[in-house]
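Student: The lines below spell out each chain.
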Amino acid sequence: MSCYRAGVRDAASLETAVPHPLPRLPVPALVVGIALACPGCLVRVYQPLSALHHPVVVDPQLPNLTDTDLDLRCLRGKLLSNHEAGVLCDKLSTLFENQGALVRTARGAEVPEGGAAPPELESRTELTVELRARETDESKHPLSWVLFVGTFTLVPGVLEQSFAQDVVIRDESGFLLMSDTLEGRLVQRYGFGPWFGTTILDLTRKKLDRLGKNSASRDLSDDLYGQLSQQVFNAKMRAQVLRQASPIGRTE
Amino acid sequence: MMALLAFASLEGWAADTLRDVQQAELDRVRAGVADQVHLAAFDLVDELVFGWTNAPVFETPTPVVLAGVTVPVGLGTGIAAMVENHLAAVLAKNPTTNLTLVHCPQCSAVVVHAGPEATIVSRGIDDPATLAALGGATGQHALFVDVEAEGAWLVLRARLTRLTPELPIVWSHTLATSASAPALLRASDDLKSASAARQEYLDALRGRGLVAVPLRVAIRSYDSPEDDQGVPPPPFLWLESGVELSPTDARAWTSSLMVGYSFIPQAYQGLMGQARISRLVTGRSRSLTRPDLYAFFGGAVITVWGPATASFQKPLLNADELLLAADLEGPRTAFGAMQFGLDLRLGNRIGVSVCLENLPDFANSRNMGEYLRILGIGFQSLGTEVTFWF
Amino acid sequence: MALPLESPPAIEVLFFGGRDPSPGPNRPKEWSRNLSCERWDAVAGSHRYPGEIKPPPPRGGYVERFTMVCREPMLRPGLRSPLDGALLGALQTSTVALVDAAASLRPDLAGSTWLVEVFVPSPPVAAKLAFATKNALMGRGLSVSDRTPLLAAGDVEVLTRMPPDEAYPAACARYFATGSLSNSDALLAVVSRDPRETIVHAGICVAGTWTWLR
Numbered sequence: 013m014s015c016y017r018a019g020v021r022d023a024a025s026l027e028t029a030v031p032h033p034l035p036r037l038p039v040p041a042l043v044v045g046i047a048l049a050c051p052g053c054l055v056r057v058y059q060p061l062s063a064l065h066h067p068v069v070v071d072p073q074l075p076n077l078t079d080t081d082l083d084l085r086c087l088r089g090k091l092l093s094n095h096e097a098g099v100l101c102d103k104l105s106t107l108f109e110n111q112g113a114l115v116r117t118a119r120g121a122e123v124p125e126g127g128a129a130p131p132e133l134e135s136r137t138e139l140t141v142e143l144r145a146r147e148t149d150e151s152k153h154p155l156s157w158v159l160f161v162g163t164f165t166l167v168p169g170v171l172e173q174s175f176a177q178d179v180v181i182r183d184e185s186g187f188l189l190m191s192d193t194l195e196g197r198l199v200q201r202y203g204f205g206p207w208f209g210t211t212i213l214d215l216t217r218k219k220l221d222r223l224g225k226n227s228a229s230r231d232l233s234d235d236l237y238g239q240l241s242q243q244v245f246n247a248k249m250r251a252q253v254l255r256q257a258s259p260i261g262r263t264e
Numbered sequence: 019m020m021a022l023l024a025f026a027s028l029e030g031w032a033a034d035t036l037r038d039v040q041q042a043e044l045d046r047v048r049a050g051v052a053d054q055v056h057l058a059a060f061d062l063v064d065e066l067v068f069g070w071t072n073a074p075v076f077e078t079p080t081p082v083v084l085a086g087v088t089v090p091v092g093l094g095t096g097i098a099a100m101v102e103n104h105l106a107a108v109l110a111k112n113p114t115t116n117l118t119l120v121h122c123p124q125c126s127a128v129v130v131h132a133g134p135e136a137t138i139v140s141r142g143i144d145d146p147a148t149l150a151a152l153g154g155a156t157g158q159h160a161l162f163v164d165v166e167a168e169g170a171w172l173v174l175r176a177r178l179t180r181l182t183p184e185l186p187i188v189w190s191h192t193l194a195t196s197a198s199a200p201a202l203l204r205a206s207d208d209l210k211s212a213s214a215a216r217q218e219y220l221d222a223l224r225g226r227g228l229v230a231v232p233l234r235v236a237i238r239s240y241d242s243p244e245d246d247q248g249v250p251p252p253p254f255l256w257l258e259s260g261v262e263l264s265p266t267d268a269r270a271w272t273s274s275l276m277v278g279y280s281f282i283p284q285a286y287q288g289l290m291g292q293a294r295i296s297r298l299v300t301g302r303s304r305s306l307t308r309p310d311l312y313a314f315f316g317g318a319v320i321t322v323w324g325p326a327t328a329s330f331q332k333p334l335l336n337a338d339e340l341l342l343a344a345d346l347e348g349p350r351t352a353f354g355a356m357q358f359g360l361d362l363r364l365g366n367r368i369g370v371s372v373c374l375e376n377l378p379d380f381a382n383s384r385n386m387g388e389y390l391r392i393l394g395i396g397f398q399s400l401g402t403e404v405t406f407w408f
Numbered sequence: 004m005a006l007p008l009e010s011p012p013a014i015e016v017l018f019f020g021g022r023d024p025s026p027g028p029n030r031p032k033e034w035s036r037n038l039s040c041e042r043w044d045a046v047a048g049s050h051r052y053p054g055e056i057k058p059p060p061p062r063g064g065y066v067e068r069f070t071m072v073c074r075e076p077m078l079r080p081g082l083r084s085p086l087d088g089a090l091l092g093a094l095q096t097s098t099v100a101l102v103d104a105a106a107s108l109r110p111d112l113a114g115s116t117w118l119v120e121v122f123v124p125s126p127p128v129a130a131k132l133a134f135a136t137k138n139a140l141m142g143r144g145l146s147v148s149d150r151t152p153l154l155a156a157g158d159v160e161v162l163t164r165m166p167p168d169e170a171y172p173a174a175c176a177r178y179f180a181t182g183s184l185s186n187s188d189a190l191l192a193v194v195s196r197d198p199r200e201t202i203v204h205a206g207i208c209v210a211g212t213w214t215w216l217r
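Residue numbers (my numbering), protein chains in the order written: chain Y, 13 to 264; chain X, 19 to 408; chain A, 4 to 217.
Hints listed in this document are in silico derivations from the structure and should not be mistaken for laboratory results. Idealized CB from N, CA, C, for every residue including glycine. What you were told as hints is all true, and nothing was included just to trick you.
Some chain X residues near chain A, calculated using beta-carbon distances under 8 Å: (1) Asp164; (2) Glu168; (3) Ala170; (4) Leu185; (5) Ser196.
So that you can see chain Y by itself, here it is in the shape it has in the complex (with noise of 0.2 Å):
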């Protein structure tokens, strides 16, 4: 575990700081060869299933958690390596830094198998928020990949991946203010035909409508900060008039 000071910190030059590793690709090996051919003919779209696009109020830039404790637990598990999760943890430590909280970090735990609830905390801060991220389905679409290599990658070989992050924001006695399960699909199409197709359409999109470059991950970036954001203040001010409340109030 390790503990930082509130404090506000520069976002951009945190991920200069951070180098990108290769994404993982389980894909056939000939399709690896073929793909090395072109090696940048890739493009990743991303899609909001449920819950990431709903509606945000609050202005991450602004300072909302103002003297807030804010315990951060980022769950390794299939979808997250340890070194996956300790970065979602310090990019997320960020920005509620940025918004005036004093966050810790607990980094490593593994989500347990069949759902079970992670081992619990010594002691628990103000609001203890626990991250663990879920593959919900994956598909290799094997016949675009026959296509794929038939086409000599004109036509996309597609991979597709849904997950799932669960929220759940706890005070500091344990009990549940917030859960919510936000999910989202990353589709890739490999191929020289989709990268050169939407370069060219690209062209003709605003900025904020393109799909190429990291697109992907700069929407997927904003809509899981923005909710996440978003919850961590609804937890925050439900804990308040919780904390008002009488003992009936809290049998949840």
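Put chains X and A on the given structure of chain Y with help from the hints.
Tutor: For chains X and A alone, coordinates are given in the frame of chain Y:
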């Protein structure tokens, strides 16, 4: 894959702000959305009233004030007026709901009640005591309807409140429909359940093929000559079938090609080829629920033979000639006909039609007269038909 | 709680290889973002949407088939503020949850007459929340009144200057003291305490005593 998050930028938080120059575009979009939403809202209103017809809230007709209709936030008040008008129209056409809308101007007006304790400013409907003092609708009921868009759902909420000082809510209901559910478009005076409306819709779709096969039974009768000296042909019974084509699903225009056969033992036989073009005259597209009336124009080529067909001769026949024809196989005659008529159809399944035929070959025949003469064209034959479409 | 479905769900079934709802050459990102989708395999999907999603062949198929069931929002984004959109998008679920909490935490009030007051920034949204909450209370079989408890203008002036933590209990006491609420009344207040939150809280005022529920 979630590692994407870890390495993505935290930038790009600037929320899209509404600029002034976008206001006009926003208003246009609002109008467009309202157009799309109002059908779904009408559907919910129909469902609400249909529920009342099946299970009335009140056992006897009860006066009700339509206290308020609110619509999705962001769509303006135009759609509110449409929903309110539709609700009033559907209620008026369905008296079995036992809800009788009454006019109560004091109910919606702002009233001021000054008493020894306080001065209260409110709508009349929120202050029944003041309403009673104004001679308003004490003891009646107020109907509140709210329609709201909740994600992919359009939700209608309704409640009935008794206008007594305690304002108790006596009934409430919530209905929802999905954005992807097509509007059922029920007729307001023929409400039916959603499942029945859907079945009707599916039936209509199934019966909406561009090609149909008609089977027609027709009777042609021929007018007697005016001087009663000739002998008109006997009525002909035809059995016809063929194909009917419609260029569009609206079936505003249809055309048909049919062949017919006529046979009465020891009297006559006949063959006919016929083509018609029909035009819908009751609306721009055929109705799913009501009969449609078509006007048609067509032509036919007919050949008849047999002992009873001697009258299809231009010369005047006498008794000897008729007897001679009866002894032999009889004459064979071919002639053309122009048809004009009206066709009344129900659901494109059954129909009855009446037509007048002009037979140019027998314009001056002494064996048949003319039922009608218009613009110099005489109609010697009158046909009545019953058609079934498959 | 699921919304009551009074009409059959005519869903847009999107088969992979056919109409993929993800952004693409002919599918703008904005259109795709507006959809709320669920991914179903053939077995579960055919049970959930019989007749619309085909079950898998009895002996299995060569390719595993998935179906995306997507629903478009009733209103396009941008027609109302994010706060209004958030509160109204969850109107049914949030009000039913509040009423469930109130009814389960205060079963002793089952015989009371329930009144509803809503305190959120937007008056139209407040009216919607009040309507939905009253219907939810009626759905629980409770006795509900359309009556609005009243306060004198002087009371309102004082209360609006107080911080929220003090204003609601004080208002509750005044309601009871002025006779606007009687012993047989229970006032369920739906409150937004901060314009940045997308949830609403609930409190109950009974016999002049204010209690926050959630």
